[in-house]
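S.K.: So the chains spell out like this:
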Amino acid sequence: MELPIASSPAFLYTGGRPFDPEQPAVVLIHGAGHDHSVWNFPARRLAHHGFSVLAPDLPGHGRSGGVALASIESLADWIGALLDAVGVERAALVGHSMGSLVALHAAARMPRRTDRLVLIGSAVPMPVAAPLLSAARDAPSTAYAMINQWSYTPASQLGASAMPGTSLTAMNLRLMERQADGVLATDLAACDAYQDGLEAAAKVACPTLLLCGERDQMTPRRAAKPLHDALMNVPGGARVAVVPQAGHAMIAEAPDAVGESIRSFLDGK
Amino acid sequence: MTEPRTFGPETLALHAGQSPDTDCGARAAPIYFTTSYVFPDADHAAELFNLERPGHVYTRISNPTNAVLEERIAALEGGVGAIAVASGQAALHLAITTLMGAGSHIVASRSLYGGSHNLLSYTLPRFGIQTTFVDPRNPDEWRRAVRPGTRLFFGESLGNPGLDVLDIPVVAEIAHEHRVPLLVDATLVTPCLQRPLSLGADLVLHSATKFLGGHGVAVGGLLVDGGRFDWEASGLFPTLTEPYAGFHGMDFAEESPVAAFLLRARREGLRDFGACLSPMNAFQILQGIETLPLRMRAHVANARAVAEHLDAHALVERVAYPGLTAHPDHSLAARLLPDGAGAVLSFDLRGGRIAGRAFIAGLRVFSHLANVGDAKSLVIHPASTTHFRMSAHDLAVAGIHEGTVRLSVGLENLADLTEDLNRGLYAAERAMQA
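Chains A and B, in that order, are what the protein sequence lines are.
Residues in the first sequence are numbered from 1 upward in steps of one, following my numbering.
Residues in the second sequence are numbered from 1001 upward in steps of one, following my numbering.
If you are wondering where the hints come from, they were derived from the structure by calculation, not from laboratory data.
All figures in this text were calculated on a predicted structure; none of them were measured in a lab.
Even for Gly, the Cβ is constructed at its ideal location relative to N, Cα and C.
One or more of the hints may lead you astray.
Short, incomplete list of chain A residues facing chain B, as computed with Cβ under 8 Å [said to hold, decoys possible]:
no.: 1; residue: ASN40
no.: 2; residue: SER161
no.: 3; residue: GLN245
no.: 4; residue: ASP256
Using the sequences and the hints given, assemble the complete structure.
M.R.: Pasting the structure below:
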């Protein structure tokens, strides 16, 4: 569905079922250079099991208007504006990579409006390698190749796809190519600049699930430890689940494991 | 920090799309000879049907062996995915029916495989889909043929049987000016000689029966989606951009901006038209693809030598092979097919039909049959076989004469091939003198 958020048109994917304000809401926040379509399988799973899904294209991404926002803080504010626009008082926030930082910061800003928090492929800080930052700015096709090489495990770069008949890396490449000029560079710079993650974690007031890819090279499990430690001490606590054999692109590489982990956690299991 | 790199075609041809079997450790792709797949429980079944999780339900829609083939050709072509179907013709039919319905229109190259010409010229008009055929070398003809209902441009990398080289970047640009995709039949080049998606095409099809298999034992087709065409921005493809009541009310472009075409083609086209590929055929075609890069190099080397041999013979009036400097598309081939212009060529014998029949009868190594792309050398007389439904005028327009002979040059010893051709040419000469 489409509606104006912060004075720009925004697109929200609802997982194949109409948005129902009577059901618990869950916001799925995509990562750098992506759009809502990275959430297809988990979004449909949640939407068919009692949740109202809101998977936005962030400003300047996919079908949403406006320009890409330059900071995690402004993206977190935009998530608040999204909840206002849809008329949702409380929601679970789920984010992948850059989206996990947005979800974390939004949960810290809106502790009373956040039911549960799921951070996928996350780490704070989330430094982005200088060659990737400069490639995203000056040579996007090189940046796309770097991201594919580091986000997908060797097995899924060359072997069988988790989605029969498709090439996960080619799908990711085309998705990044479709974003407007400069979007990836803006997103990665926002990740790199975000330094308030541990401070934000201390303000979270709901249970958190950290999903880590066993073979994630972008945000390896050890990089998530400071975040886990910080979240363990907040009222809701935090736990880590490892997605076996998966890299940073774990939503694409292990859609069943990721979808089931999110659903179980949101169901309170 | 290491530079990112991708795998070369030789590696992809052997590995792409397949991981060693996790249950038994099988290195080769297993043949999943099953029509259907057991659901662990009712919830799992519902989740598969609702696309809440990927997986297989019924082999008409998808199969693990076919998936290896689909992912392998997608990797070789640089596409986001592919669909394996029963034949190359089924791939063309699937592409067209996914994109359009009655009242639509196609602009196609005049130099097409006879079977494709039949579908477009005779069969589809019965279902309300018209085609305008154009000179593939004339950009203005492509442009002028566009109508409000046009939904697809279609051509062959190497036009059968005159071996016209399609100027993919130029034709793709014209197609995109009119907000429609370009579909390229790349059967005669394979991804080892040309990757049409990298030149601007949007969709690629193969008759996998030909060079991809190479052995001539399995009929099959493949349809590859490049994932670049923006169906939403085009606004001309409601099958991809509006909710489909026949499948959960899904708006395919909303579901997946980059793979909308594949989603609809599989979820509707395979489901309803049912032209699925047998997993056995998928396995056999995979065996062929493993050696495709090696074979194509050998095919091209033999074809080039055979073309030069024929070109030097007094009884041969003209050889159509873009690798020869006399071919009108020679310079275009050098640009778009730098590793070789394939292994199919045609030539005109002096002496017309009588000479052509005697030539074919005199051959011992070349097999007279209606196919191309086998590891074995093949020969056919188009005017009496593949193109027999075309009028004399249409034949002439497609560059075919009564004495035109088409060769698919195989992997035999080159001296054996040239000796066989000499034998045929001698027989033709004797027939002309009689």
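S.K.: For each hint, tell me whether it holds in the structure or not.
M.R.: Hint check:
1. ASN40: holds (6 Å)
2. SER161: With Cβ-Cβ at 5 Å, under 8 Å, it holds.
3. GLN245: It is violated, given that the least Cβ distance between A:GLN245 and chain B is near 10 Å, above 8 Å.
4. ASP256: holds (5 Å)
Hint 3 from the list above is the single one not met by this structure.
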